[in-house]
Amino acid sequence: MIRYFIVLINVILVSCSGSLNKNSSVRNHTHTQEYILKSVNFEELTSVFLRNNDTLYVINFWATWCKPCVEELPDFMHIQAKYEFTNPFKLILVSLDRPSAFESTLVPLLKKHGITADVYLLDDITRMNEWIPAIDTTWSGAIPATVLFKNKQKLEFHEQQLTKETLQSIISQYL
Amino acid sequence: MKTLGIILMSSVVLLGACQGNCKQNSSSKCGDETKKTETTCADKKNDTLKSAQLGDVAPDFSLKNVDETMVSFSNYPEAKGFIVIFSCNHCPYVIAYEDRMIALHTKYAPLGYPVIAINPNDPEVSKGDSFEDMKQRAQEKNFPFVYLFDEGQQIYPKYGATRTPHVFIVNKEKSGNIIRYIGTIDDNYENPDAVTKKYVENALDSLLAGKEISESKTVAIGCTIKTK
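Chains Z and D supply the protein sequences, listed in that same order. Each position in the first sequence, counted from 1, maps to that position plus 61 in my numbering. Each position in the second sequence, counted from 1, maps to that position plus 154 in my numbering.
There is no bait here: all hints are sound.
Below 25 Å or equal to it, Euclidean Cα-Cα: the simulated DSS-like pairs (lysine-lysine) are:
(1) Z:K128 with D:K289
(2) D:K371 with D:K261
(3) Z:K215 with D:K371
(4) Z:K225 with D:K382
(5) Z:K173 with D:K281
(6) D:K382 with Z:K128
Just some of the chain Z residues that point at chain D, by a computed CB distance under 10 Å:
(7) A124
(8) C130
(9) L157
(10) R159
(11) T187
(12) N190
Since the hints were made in silico from the structure, they are not lab data. In this text the structure is predicted, and so the values were computed from the model without any measurement. The beta-carbon is built from N, C-alpha and C at its ideal position, and this holds for glycine as well.
Please construct the entire structure, taking both the sequences and the accompanying hints into account.
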């Protein structure tokens with residue numbers, strides 16, 4: 062009995078210390094799926110979705126203080142729930158919050174809204190004028206904005222708030 | 155049992171038809187039509203109103219300042235041009251730049267280029283961006299520049315402003331007030347001490363020296379302009 066208890070305590074301690082590191086994976090408790098939560102620069106971000114693997118990547122640019130961005134997050138969650146386990150699909154949420162606000166603002170908001178998806182804080186402020194046009198030359202920099210990639214090809218770019226209906230009709234063309 | 159089957163079949167057919175309709179309509183849709191706060195329609199290709207480009211004449215206006223007077227370009231007969239900044243109270247990117255906006259005006263107004271800040275947001279949709287809120291912010295921060303309210307939101311679409319802050323440097327030339335720079339203030343909203351490219355200052359220095367502006371268009375992340 063005591064042995065069981067010791068093992069249990071150790072397991073809890075190990076998993077807790079894992080989640081305290083901001084660059085580690087966050088274990089979501091409702092699925093067995095692990096989600097990523099970390100700061101990256103632009104090259105690290107693009108390496109995540111520029112892949113030849115037949116996966117449809119839906120990349121949403123947002124920030125915690127951007128009201129329409131936060132409003133549309135549940136719609137993205139709905140779409141993820143629909144496609145995540147049954148299709149080659151990956152939702153990527155790219156936060157444009159201040160890097161210094163990672164722990165104080167980003168993490169609490171994700172918890173508060175029950176956001177379970179891969180979240181990357183794009184910490185590459187000084188090169189905005191380079192990576193914004195690299196994502197799309199028509200992008201003025203306003204958020205929210207969503208871009209779709211598959212096999213290193215950009216399929217669509219939308220500089221606007223999207224509903225789950227619109228998302229679905231966009232995504233279903235490519236799955 | 156038969157009735158249930160028919161109901162089920164009809165539902166499937168109806169759902170299928172709806173799906174088809176949604177698909178067709180999505181391309182002309184501009185965001186959500188129901189209850190959500192909406193961003194501006196960013197598909198400028200479909201806009202019948204052409205937004206201003208570099209080299210165009212800057213759209214004139216007559217807008218109310220926080221001191222209740224009306225302001226237009228003609229209020230500045232001695233100016234060589236203007237630093238028009240679409241700005242607001244609530245956006246964190248603007249707030250990060252407020253001190254730098256004050257510094258720009260302090261440095262360049264005496265040289266002939268005053269800052270003209272314009273709030274393009276609809277206060278019904280954007281809490282904290284009402285005229286009263288603007289007055290308060292101008293007082294708190296002691297803005298040395300005018301802070302105008304784009305009542306009816308008629309002016310910002312003519313410029314093609316899509317976010318706050320969004321800077322348009324206007325230069326008085328023979329053919330009129332010409333837009334010579336569109337974009338952001340510098341390359342680091344978060345840390346003024348880590349700025350390496352002062353886009354607006356460089357553009358203004360070029361204009362003052364009668365030289366070509368090397369970087370006349372830049373982009374940065376900003377808050378969408380709030381409209382119904």
